[in-house]
Amino acid sequence: MFLFLIASGLTLIFGVLGVLNFAHGSLYMLGAYLSFTIASRFVGASSATFWIALVLGSLGVALAGALIEMAFLRPVYRRDELEQLLVTYALVLVIGDLVKLVWGADNRSVSRPAILAGAVDIGGRDFPTYNLVVLLLGPLVAVALWLLLSRTQFGRLIRAAASDREMVGVVGADVGKLFTGVFMLGAWLGGLGGGLAAPVGAIYPGMDVEVIAESFIVVVVGGMGSLTGTLLGALLIGQLNAFGILFFPRFALVFVYVLMVVVLVTRPWGLLGKPLAR
Amino acid sequence: MKRIVFLAGSALVAVGLSWASPAAAQAPIKIGVLYGLGGAAAPYTKPAVIGHEMAVEEINAKGGLLGRKLQLVVRDDQSKPDVGVREARDLILKEKVDFLTGMIHSGVALAVSDVAKEYKKLLIVSIAKTAALTEDKGHRYAFRSTSNTLIEGRAAAILMAQQPFKRFAVTGPDYEYGHRMAEDFVTQLKKLKPDAQIVAEVWPKFGERDFTPHINALLQAKPEMVFSSIWGGDHIAFVKQARPYGFFGKTQYMAISQGDLDVALPLGAEAPEGMWVSANFAFNYPDTPANRDFVAKYKAKTGELPLSGAAYGYVATYFLAEAIRKAKTTDTEKVVDALEGLTIETPHGPITMRAQDHQANKGQLWGRLKKTPEHPFLILGDVQYIGGEKTMRTLDELKGLRGPK
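Residue numbers (the working numbering), protein chains in the order written: chain A, 1 to 278; chain B, 1001 to 1405.
Just chain B, same shape as in the assembly (with noise of 0.2 Å):
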């Protein structure tokens, strides 16, 4: 049902792009995107679906590239690797696409990027995070225009080397990302700061209901400080149920990605004041004509502000399409050179996509919420950027865990 929905809609897409303008007599350059389009990750991929078109629709306006026209194939994986695989061969085998990108599920995005290097086509990954994507499982096909969890694990343990919290809890949802975040996070904390104590750790199922006993064991420990990788619907639940019991008076809090407006916009005014949170897109921030202009034309489309959602899709959109344009050709082999070591100006200001692992430097926004008197929600204050290039593996570091390119 939902497949054939997006199916008509792509095709829909197609269609309207086909009479829009007479350089779609050459066949147009196909993209695939794939994300899982419902349960909980359903309020970060549809707004990403619209930055990939909100691109795709500005580059064809001026005419597309190498006068052909973009067109999106976009697919639902479920959130599971299986479906993914099978989805993204369908995509290569019987769409013909030329490129492939989306993603927000770690797991379907290792299991795609191996079909991407089993049939070589230049895979994007958007969203997902796990940094296994651009190391130990890297190859020459594989990129990501985001950050990923050893990136943002270390920004958060350079943020709290400059603060004086000595105990320390740790919290996230259990599986890949919430421990990979987690360990990334303290592996860097006991280097900058030695004397760092991790007095508690509590690993709720992905998709819980009931935080009241992961609430009781944190506040137990008497931790200064707690580092949560909890996302989400989760992360609203958490916050909601832990107000009563004095939770973020008794302790400090920060939340890896919560900043962003997916769960500022429905937590409202019951957000905590000062939460320390990081974001992967503020509208307010950098204040650039590339990101005013962003945040003008979604608004303009959709009416709304832009979620996270909408940044990653537009930017891996465009590295992709500036990589086209570099490298003159559709050709995969010539737009992987291009794209190495490609800098392009984003939302988020501009953002390098390194040559040896296919990681962007894209770093880390963080802050602490605040109420503003034009905001019926918390904006981040305070804000500090903590660039990529502090952060990401050092070319050292990767030499051990990537092999030949």
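Next comes chain A alone, as it looks inside the complex (with noise of 0.2 Å):
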């Protein structure tokens, strides 16, 4: 589920703005620092400290990510994607090295709130509480993404911008107050899924390049700017991730490399993309 909120980050991105955003890690992990940042300034590791550092951190950046957006990606939308790539890549190593400037390189870390830090009892097997939460929260997430976009004006005109962006323009809208605001959505996600997974794992640098990598692979399998595609993909490779590890010890890692392969040899679009007209 965590890839799921981040990976749908990335592809409301691209789905719109057809920008292939490589610093989505980046901002996940930009996330996770900050919440860090902001949790460990109150004292005393209450719940609600948690979910306020969870909050501001995210909104933080949210923030960020507009500032990205009109400085650095605005100029590049009309020029050739391996440009735009450049960009966003360029964009991985200033944010990397902004981040070890400010936090310095050892291990961080945050604590789970402390009425999340137990185990639920489901068929007789313990879950962890805080699992379950972020479960629960991944559909939440997909269920107001997809309202969003489908049943407000900001979320008609999105659509209307990612088929026709001139068009959008054409008719009055401000385009360009638009990708702002959907590129701040998408950092806003991952910057929500970092600040999620910083309890449940270490925060150093280089965790950037860690998630960006299985986001894709998301993304690919379930369909570039698929929403629900997305959602399909990170279920789908969970699974065959925890019966690889199960059966296969020594081999567990191929069976997600396999299923990219074969979605792209056989529907290169991804199982639930639309191919691309050309």
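Don't read these hints as lab results, they were simulated from the structure. Just so you know, not all the hints are guaranteed correct.
Unchecked claim - Rough simulated footprint, nothing fancy, chain B against chain A, three-plus residues with beta-carbon under 8 Å:
#1 80-87
#2 102-110
#3 134-141
#4 178-192
As the list claims (entries may be wrong) - Computed from the model, here is a short list of chain A residues facing chain B with C-beta under 8 Å:
#5 96
#6 118
#7 121
#8 130
#9 206
#10 248
#11 249
#12 250
#13 255
#14 259
Where is the CB? At the ideal position from N, CA and C, for every residue including glycine.
These two chains come separately, so use the hints to put the complex back together.
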């Protein structure tokens, strides 16, 4: 579910802006570091602290996303895809070094909120409460995003801009602001993923690269730009991974990549994606 | 970008040193230092560079070596063998360094070791632990100032031979280091305890975020003890995710190198009490003047307790410096001869560089994590030191592994 949250931001940005955002992992990392800083500012790891840090941290990332979009992406929308990729890759390096300058290179860690630190008994087996909350949060975000895209004016404009940005501009909508908004939303999802992943992992420089590779696999398998595809991709990869680890521990890693290859060969546009019309 | 910053940094250090003393009129002795300075290696390699710097500052403050100052040239090998080879060549050919040291990534260390052999440059590997470096891939110019996977795996087996556990599970990161460590542990364990069983093996990839399936697979096999070489950020993630499953109540867990502060500090009170861990460096053990002095100096320099990386860099630099002092020259062949069999006092206690395989006899600290009132994190309790001489390859074993010197 972490993967879904992160990958959904990636697929949203690609679907609307047409930009393959390599720096999405960096936004995820930024979210983790920001919520670490905010959480450690308040003394005592009360549950409220954690949620405040999560909300403020992810909003901070959204803000950073807005700045990035306006300063670096706007000038390259009309350029070649390769150039856009280069810009976002440059951002990976810049944000990576900035994070090291600000937070240093040590491992960091955030405590789980106390009430979620335990486990609940489901069918005789322990299931960590925190994971359960994230598990519920995933579909919630998916539904909220879907409502936003299909039921609001903002969503209609986004969908319109995704298919024809000139036309949306012609009918009087501010495409620039719209794109900034979408990028902010995508960045917020990445930051939220980082903030949520922080208490169950370590925060360190390099976590950005680890996550971006996995997110790309999810998005490629699910279908570029398709939200439901991303959800399906995340679930499928999680299951396949668990299956491999249990039965073929030495080759567990292979299965996910085999799936990706099979999907790419048979349906290059992903399970629920749409073939590119060229 | 990174490289420029570091070049600028080392240039500044160089300028600072040359102003500091009149002895700098002579050209400095240049030491090339290679590490993966980004990513998951950074928590170890950043303090390691500080460790090298501390040693160099101490030596230079006392007038340097042979009337010459020491100077470090630090490069980022990005934990990639090809980059390591490129940077090592550059250090040798363009920077004209006299010696090479550093390296955390085993693949990089092996690749750079080949370069050292080609150019006949002395190399002291400070962190990377693949046993191959001082065994089948060993040669006259390659040394290692820390322990290796074989020493650590065997030490863990000796420790477990004293315990009643029979059902073992093994896990580790899915690359050279993890597999080698597990193999060395299991081989020795079966020798010492023939009735020991391996009931499960699980190989999460390096940098795994979600250990849930691995945790479940381990628990399902119902082991009494899990042997693990999962390290750094991955260890932190594993512990945090395993706790709610009651993992550490259902099985014992032993983690190589995870008693180090690099993970003990961020885990804080979340570390499970009683977990078996080894440490590459402990600020409170051994309680010797050399260790106290090292901890005090590092604290004065950085305001923090030294992480394991700092000791790696510090010890490697001193091995090199003492060998130069003994050889009375910087001539590589003579320094190699001087380094063979050399014993130096270190924060870990005295360590000897064995002449036959160029492997330091650094032993293993094992203990169980315990809470103390004076620290907000768990420290090593009931410390047991398993000396390197008990776990290193015997000279007989070596004969079959290494060709003629």
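Status of the hints after comparison with the structure:
| no. | hint | verdict |
| --- | --- | --- |
| 1 | 80-87 | violated (count 0) |
| 2 | 102-110 | holds (count 6) |
| 3 | 134-141 | violated (count 0) |
| 4 | 178-192 | violated (count 0) |
| 5 | 96 | holds, 7 Å |
| 6 | 118 | holds, 6 Å |
| 7 | 121 | violated, 11 Å |
| 8 | 130 | holds, 7 Å |
| 9 | 206 | holds, 3 Å |
| 10 | 248 | violated, 10 Å |
| 11 | 249 | holds, 5 Å |
| 12 | 250 | holds, 6 Å |
| 13 | 255 | violated, 12 Å |
| 14 | 259 | violated, 15 Å |
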